[in-house]
Amino acid sequence: MKAAGLLIGIGFGFVLGWSRLTDYDVIRDMLLLRKFDVFLLMGSAVATAAIVARVLRAGGARSLIGRVPIAWSTTRPTRNHFVGSMIFGTGWAISGTCPGPVAAQLGRGQFAAIFTLAGIFVGVALFGYLKRRNEIAASAPRAPDLVGPTPGL
Amino acid sequence: MDLFANPCPWYVAGPLLGLLVAGLLWAINKPLGALGGYIDTVQWVGERNAAPSWRVLLLAGIVIGGALSAVAAGAYRPTLSYGTFTSSFGAIPGAGSVVLLAAGTLIGYGARLGGGCTSGHGMCGMAMGSPASIVCTMTFMGGAIVVAHLLAFLIGVGS
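Those protein sequence lines, which keep their order, are chains D and W.
Residue 19 in numbering that gives the first Met the number 0 sits at position 20 of the first sequence, and the numbers go up by one each step.
Residue 124 in numbering that gives the first Met the number 0 sits at position 125 of the second sequence, and the numbers go up by one each step.
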């Protein structure tokens with residue numbers, strides 16, 4: 000599993016760098032709708048992955064590691080998907096990068112990536128911290144409801 | 000090599016990225032997404048003695064692959080410049096790096112809340128036809144296009 004992750008990651012980072020998705024100006028020109036090749040790039044990536052994944056599933060292929068049948072599940076959209084993606088899109092537009100390309104930027108020696116990467120880790124850790132805190136608060140025993148006049152009023 | 004010195008055109012890079020998404024599915028039957036590498040790295044750092052997950056190695060691989068792309072182009076030149084970003088937002092290190100840190104925090108928190116990023120939702124989830132991924136991709140694409148135009152109007156990004 001780890002070797003597969005590393006190898007696919009190397010391929011992914013190489014193509015991101017080679018196609019210049021690591022350049023601020025490329026992403027800026029895409030989002031300002033001046034150039035459309037990044038949209039075409041993403042569309043052709045989705046189409047290729049969709050076709051190959053369905054061929055694998057329909058052909059009854061099993062994973063090379065683990066020998067499990069190739070399958071996936073889908074998710075229904077929720078409010079969090081919408082709100083989170085709005086926040087993510089804002090950060091993407093400002094920085095001109097996102098979690099994949101920023102790692103490739105670091106590899107290419109674009110050290111601006113250090114700050115964006117640090118921010119992503121802060122955001123991910125902050126989300127985890129707030130989630131845990133809310134879970135603890137939700138599971139904590141609640142004080143019994145007060146009967147009669149509320150003290151202090 | 001000239002092949003790697005010139006930018007890879009979209010009709011080569013797109014299908015290659017799609018094959019990598021499908022390749023990971025075939026290899027280990029898992030969805031590809033860069034965000035997972037960050038989540039697992041935070042968890043790995045928090046738990047001492049735990050081994051890094053495959054998603055941590057995927058993220059590390061992207062860094063290595065990025066480095067190889069620069070080396071293959073004969074253009075590995077470490078730099079603090081970041082295109083026209085610095086003329087809009089300030090120098091790095093300096094005001095520009097504070098902006099990147101803040102934008103990164105929005106990226107990390109937002110992607111975590113939304114359950115994925117451009118690779119996880121935009122490529123992999125879209126390819127698998129997940130309704131949540133379609134909503135997320137339309138939302139962050141549309142949102143980012145609006146914010147980019149606001150930045151162009153307010154502070155002259157791209158002018």
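None of these hints come from the bench; they were simulated from the model.
Some hints could be false.
As the list claims (entries may be wrong) - Computed beta-carbon distance windows for the label pairs:
| no. | chain 1 | residue 1 | chain 2 | residue 2 | range |
| --- | --- | --- | --- | --- | --- |
| 1 | D | Pro-140 | W | Val-11 | 32 to 38 Å |
| 2 | D | Glu-134 | W | Ile-144 | 31 to 37 Å |
| 3 | W | Pro-8 | D | Asn-133 | 42 to 48 Å |
| 4 | W | Ala-49 | D | Leu-129 | 21 to 27 Å |
| 5 | D | Pro-140 | W | Ile-154 | 47 to 53 Å |
| 6 | W | Asn-5 | D | Ala-70 | 48 to 54 Å |
| 7 | D | Ala-2 | W | Val-11 | 24 to 30 Å |
| 8 | D | Glu-134 | W | Ala-49 | 41 to 47 Å |
| 9 | W | Ser-80 | D | Ser-72 | 20 to 26 Å |
| 10 | D | Ile-64 | W | Val-44 | 40 to 46 Å |
| 11 | D | Phe-38 | W | Leu-153 | 36 to 42 Å |
| 12 | D | Ile-64 | W | Gly-128 | 39 to 45 Å |
| 13 | W | Gly-93 | D | Gly-65 | 46 to 52 Å |
| 14 | D | Ser-138 | W | Trp-43 | 22 to 28 Å |
Claimed, not checked - Stretches of chain D that chain W covers, calculated by requiring three or more beta carbons in the stretch to come under 8 Å of a beta carbon on chain W:
| no. | stretch |
| --- | --- |
| 15 | 88-99 |
| 16 | 117-131 |
Unchecked claim - Listing some non-contacts, in silico: residues in chain D with all C-beta distances to chain W over 10 Å:
| no. | residue |
| --- | --- |
| 17 | Gly-59 |
| 18 | Gly-65 |
| 19 | Gly-106 |
Backbone N, C-alpha and C fix where the C-beta goes; we use that ideal spot for every residue, glycine too.
Hint by hint, here is what the structure shows:
For Pro-140 (chain D) and Val-11 (chain W), the Cβ-Cβ distance of about 60 Å falls outside the hinted range of 32 to 38 Å, so the restraint is violated. Roughly 35 Å separates the CB atoms of Glu-134 (chain D) and Ile-144 (chain W), a value that falls within the hinted 31 to 37 Å. At roughly 47 Å, the beta carbons of Pro-8 (chain W) and Asn-133 (chain D) sit within the given window of 42 to 48 Å. Distance hint for Ala-49 (chain W) and Leu-129 (chain D): a CB-CB separation of about 22 Å, consistent with the stated range 21 to 27 Å.
At about 51 Å, the beta-carbon gap between Pro-140 (chain D) and Ile-154 (chain W) stays in the expected band of 47 to 53 Å. Take Asn-5 (chain W) and Ala-70 (chain D): their Cβ atoms lie about 39 Å apart, and the range 48 to 54 Å is violated. Between Ala-2 (chain D) and Val-11 (chain W) the beta carbons are some 26 Å apart, a value that agrees with the proposed interval 24 to 30 Å. For the pair Glu-134 (chain D) and Ala-49 (chain W), the supplied restraint of 41 to 47 Å is violated, since their beta-carbon distance comes to about 21 Å.
Separated by about 43 Å at the C-beta atoms, Ser-80 (chain W) and Ser-72 (chain D) break the suggested range of 20 to 26 Å. For the hinted restraint 40 to 46 Å between Ile-64 (chain D) and Val-44 (chain W), the CB-CB distance of approximately 26 Å leaves it violated. At roughly 24 Å, the beta carbons of Phe-38 (chain D) and Leu-153 (chain W) sit outside the given window of 36 to 42 Å. With their beta carbons about 25 Å apart, Ile-64 (chain D) and Gly-128 (chain W) fall outside the hinted range of 39 to 45 Å.
The hinted range of 46 to 52 Å is satisfied by Gly-93 (chain W) and Gly-65 (chain D), whose Cβ atoms lie roughly 48 Å apart. Roughly 25 Å separates the CB atoms of Ser-138 (chain D) and Trp-43 (chain W), a value that falls within the hinted 22 to 28 Å. For the stretch 88-99 of chain D, the stated coverage by chain W is satisfied: 11 residues place a CB nearer than 8 Å to a CB of that chain, which reaches the threshold of 3. Judged by the Cβ-Cβ criterion of 8 Å, the stretch 117-131 of chain D is covered by chain W as claimed, because 11 of its residues qualify and three suffice.
No beta-carbon of chain W is positioned within 10 Å of the beta-carbon of Gly-59 (chain D); the least distance is around 12 Å. Listed as outside the interface, Gly-65 (chain D) is inconsistent with that label: its C-beta sits roughly 7 Å from the nearest C-beta of chain W, within the 10 Å cut-off. At roughly 3 Å from the closest C-beta of chain W, the C-beta of Gly-106 (chain D) falls inside 10 Å, breaking its exclusion from the interface.
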